[in-house]
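Undergrad: The primary structure of each chain is shown beneath.
There are 4 protein chains.
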Amino acid sequence: MPTILGQNQYGKAENRVVKITRDGGTHHIKDLNVSVALSGDLDEVHYSGSNAHVLPTDTTKNTVFAFAKEQGIESAEQFGIALARHFVDSTEPITTARIRIEEYAWDRIGTSDGETRAAHSFVRNGGETRTAQITYDGGRLQVLSGLKGLTVLNSTDSEFWGYIKDKYTTLKEDYDRILATEVSAVWRHNWSGEERGAPAPDWQESYEETRKLMLRAFAGTYSLSLQQTLYQMGSQVIDGRPELEEIRFSMPNKHHFKVDLEPFGLKNEAADGAVYIAADRPYGLIEATVLRDGAEARIPLDMTNL
Amino acid sequence: MPTILGQNQYGKAENRVVKITRDGGTHHIKDLNVSVALSGDLDEVHYSGSNAHVLPTDTTKNTVFAFAKEQGIESAEQFGIALARHFVDSTEPITTARIRIEEYAWDRIGTSDGETRAAHSFVRNGGETRTAQITYDGGRLQVLSGLKGLTVLNSTDSEFWGYIKDKYTTLKEDYDRILATEVSAVWRHNWSGEERGAPAPDWQESYEETRKLMLRAFAGTYSLSLQQTLYQMGSQVIDGRPELEEIRFSMPNKHHFKVDLEPFGLKNEAADGAVYIAADRPYGLIEATVLRDGAEARIPLDMTNL
Amino acid sequence: MPTILGQNQYGKAENRVVKITRDGGTHHIKDLNVSVALSGDLDEVHYSGSNAHVLPTDTTKNTVFAFAKEQGIESAEQFGIALARHFVDSTEPITTARIRIEEYAWDRIGTSDGETRAAHSFVRNGGETRTAQITYDGGRLQVLSGLKGLTVLNSTDSEFWGYIKDKYTTLKEDYDRILATEVSAVWRHNWSGEERGAPAPDWQESYEETRKLMLRAFAGTYSLSLQQTLYQMGSQVIDGRPELEEIRFSMPNKHHFKVDLEPFGLKNEAADGAVYIAADRPYGLIEATVLRDGAEARIPLDMTNL
Amino acid sequence: MPTILGQNQYGKAENRVVKITRDGGTHHIKDLNVSVALSGDLDEVHYSGSNAHVLPTDTTKNTVFAFAKEQGIESAEQFGIALARHFVDSTEPITTARIRIEEYAWDRIGTSDGETRAAHSFVRNGGETRTAQITYDGGRLQVLSGLKGLTVLNSTDSEFWGYIKDKYTTLKEDYDRILATEVSAVWRHNWSGEERGAPAPDWQESYEETRKLMLRAFAGTYSLSLQQTLYQMGSQVIDGRPELEEIRFSMPNKHHFKVDLEPFGLKNEAADGAVYIAADRPYGLIEATVLRDGAEARIPLDMTNL
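If you read the protein sequences in the order shown, they are chains A, B, C and D. Quick note on numbering: the numbering used here labels position 281 of the first sequence as 281, and the sequence is numbered without any gaps. Quick note on numbering: the numbering used here labels position 181 of the second sequence as 181, and the sequence is numbered without any gaps. Quick note on numbering: the numbering used here labels position 98 of the third sequence as 98, and the sequence is numbered without any gaps. Quick note on numbering: the numbering used here labels position 186 of the fourth sequence as 186, and the sequence is numbered without any gaps.
The shape of chain A in the complex, shown without the other chains:
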């Protein structure tokens, strides 16, 4: 046979599970998009179509919803760990499970001009999407947390100059520009679930503090390049969160070009408060990993398809 099967995986993607928890009249909501990918002894289904080793993707869907009821959803990470362990531990031919989760945040609706908040009425917080990826191979767990769609902008304290000029370079140096990006980031926890007595991180606190460190580094860096800002964001996260080993960013440079208003007799200087056009395409795209010294890089490089 001149062809063989390489890496393969299958599962049910984008299970949109919403769990309401009632605490008397006060409700809590968890809103996830869960994708399951399983690997293992699956050659035969490819070669002959025998499904003897195949747990149907429909079953993996049912499992997601049943687990939400049986075990609850404390966090995306905890939920993904429970699912990943289940698929590998309970299905003989499955040797690896990868669970990817997107989480959408909801805020309580304010019901007065004070701080009163509704007990069971929510408005979706349209900010960034929180992500998690849990991989389990029967021994170790790998937990990646992250976010995407976190759009940030500095309206000053950004410069860009001193770069290589070749025959195709026309860009003018800029000593006061807008720096804006839509952050996608994935960070890896050092906890693997294997060490005796090593408790899992507090996933919620870890997420909130990591997000805070990224935002503050973005705001606090006087930037000579988006790469520099990215590195500051990454190193301040790694410095500040001992539970993390590495972080990878994909950061498009959301260009805001100063509009040329001279033809209309108008000055348009950053220093006076300028008018910009927010451009769509093309855009700079900066991607990099920042690691704790000595750590191994394990986060996949491709966070985008472009």
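Check each hint, because a few of them may be wrong.
The list cannot tell twin chains apart, which means a pair is met if one copy fits it or any two copies do.
[To be verified] In the DMTMM-like style, the derived pairs of lysine to aspartate or glutamate whose C-alpha atoms are separated by at most 25 Å in a straight line are: (1) K148 - D280; (2) K167 - E262; (3) K172 - E262; (4) K212 - D107; (5) K69 - E209; (6) K69 - D113; (7) K212 - E115; (8) K258 - D166; (9) K69 - D23; (10) K172 - D293; (11) K258 - E92; (12) K165 - D260; (13) K172 - D260; (14) K212 - E173; (15) K167 - E44; (16) K167 - D58; (17) K19 - D58; (18) K212 - E245; (19) K258 - E159; (20) K69 - D174; (21) K254 - D280; (22) K148 - E296; (23) K19 - E159; (24) K148 - E14; (25) K258 - E243; (26) K19 - D280; (27) K172 - D280; (28) K148 - E182; (29) K69 - D302.
Read the hints as simulated data drawn from the structure, not as lab findings.
Let chain A serve as the given structure and place chains B, C and D on it in line with the hints.
TA: Frame of chain A, contents of chains B, C and D only:
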């Protein structure tokens, strides 16, 4: 000639204008998407291709950016009014201008665990998009404000029963369901810019209070149908905001179906905190106008293409 | 009561119905997205939440799928007519029904280098989406057919000059430019189902010929403005298709800007075959109706939300 | 320093370049979306913000457009190779360049009912998007060709049964179902540009024949699982195209569920031509690589983010 020209309009759509205003070291940001549509004495360009009456769409784009500098952007409504008046008043063949604006909100990045906020660093607030539409015919102004993408959910206090049952009806009555929708709304101000001495509304306050009234009506209505909730939202807005004449809603019913977990020996009752699947398509779609008694309905009916 | 209810409608949107018809081993496929909107005596559901006059949107969904089986889908128009009549004629409080349909085309997969085509294997034709809208008020039918997403481009035979120049005009006149647009069009049939003995149009032939006339008018018009091209497309359709009364277009000007390559010592003239950048936003947007002389304009103006 | 920099790359993404070639009155069009990613000696820009080793992303954009003029675009692969070589060979600190390209196809507009085709008027072929990825490290070239958005459907000759049943399994076995998927595929050429006298493949022919082999394998496989169909598609490609070493697929199972019409007294059997609902989410997702025996797997595993 057996065919004639009917209603027509043209302009530049989706001008993405960002204006930074500097107040010492503190910056303010306005982030708009502005679309221009002009009508008038334009038969000839259709019949013969003569552009003698055509102000190029490129010029309308330039005007948007130049006005952002010359006049500033106090609000989407003020900015749209200035643009609409300009096109009609300064270009002979143009008799009507319609300006549509989307506005994206930004929050300041928090720089400490207290209340300290960055002076020129922002994170995009991913919530609803604010909208405005200004139409000017040389005399009256019509100002529609609105929003889209405001997603809300009540996890209880919603029932649905007592409906018509025909031969195609299989739906079970439900006495405790999730009610969720993504609100699109457009409301019309009674101010037309014509009355001597009648000041324009405070657009910012009007928007904020209208949004608040909608959210509170959504949270506060014990709902027997999404139509009832919609009407409560509309009538509480009209009651509470004397500057408004009518409001129109387009509200998809974002279905959250309770998952059948009985095959797995699990109960899944709303009262205990249930697991739902958030469905994509199809979805109920409820659209209606609510008016002040005696007002004329002028908001266009079609807010969606489906 | 200070507020009243205005126009309102409700129904199930985006029912994704696929019907396979078997003719021996040869299969045929119809792939539709059907949206139902019903109006009538529905005040009470808004005022008090009483659903006594409400046919559930879930029932309208069931009806769509059951009708696909009971009546088959000969064309989107025929299917929409059957549905619209059913809802009004069989449900007392419902007085108007509007059915909107998107249709996706599939081609048979070629199974040899000749003309042999698979009997039950299809590849989706990713071209334009065909649309239909049927409205029935218990008496007349109004049938709008149409399409969207038909992207066309002339690489020459397009000029733009002789326009108004005001103080914000910087655009250079152009005597050889690319003209590209993504056509959305809706056309109205004069058949209303009321005239005794007047047979319905052949919807399939009418669609194909109308599309052909539009494409040929686009290709065949030496264009001095996109408006002129639009009018030629409309008038050649109305001239050529006696069953149609009016047609409305929404045509964004998909700008292809010649890139300035002079800084690199390169000429970039249209006459030599030029390099263009395909721009996203902003874009010109041209909308107009073309009517048969004497016909009434009844197609809604808003085909887009920007 | 407790943190270090890992893998990193930067460049300009989504350069939308359109090239018209004139051959007398007959024009040809190439329509690409080109993304550049560069790696090399770039630590310093991350650590200190020094741009001394940075070729601006704006320059990479200019280079794309200038090369389209200087060298023309024979194919996406040839164009990507020229760009990749240029960036590495002409910019000292850059050691690796990766060029990703999407290509959009256009057909000539038919101008008569015969076979006459317009010389410079085109309609966009909305089918699949063709892709290419070229990586150059100063020595070897790696060329991946591919496509995405190729949606195919078999209306019979698909079964699914004999799978694992655990406590969460409710799926009924099916002996006549619709099999539909939206194919994303990437295949790797064995040509690396290093072998003396080894000519590059005919990229156009290679693409067309590979696509044909995939379609025919999809249509011709009586399927017991989507995995089996995938493997047949891959192995028939590898068997039929000696210039290829491996191919990777990402194939969502676009579920078409037979609608339960029994409540309405209707049978809905596949054998009679059934009615299906085309579901959105969740969906099965099948991914696998097929290789020539002895070849190394080098195509990245992640072709999707879910």
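Undergrad: Hints broken by the structure, by number, lowest first?
TA: 5, 6, 10, 11, 14, 25 and 29
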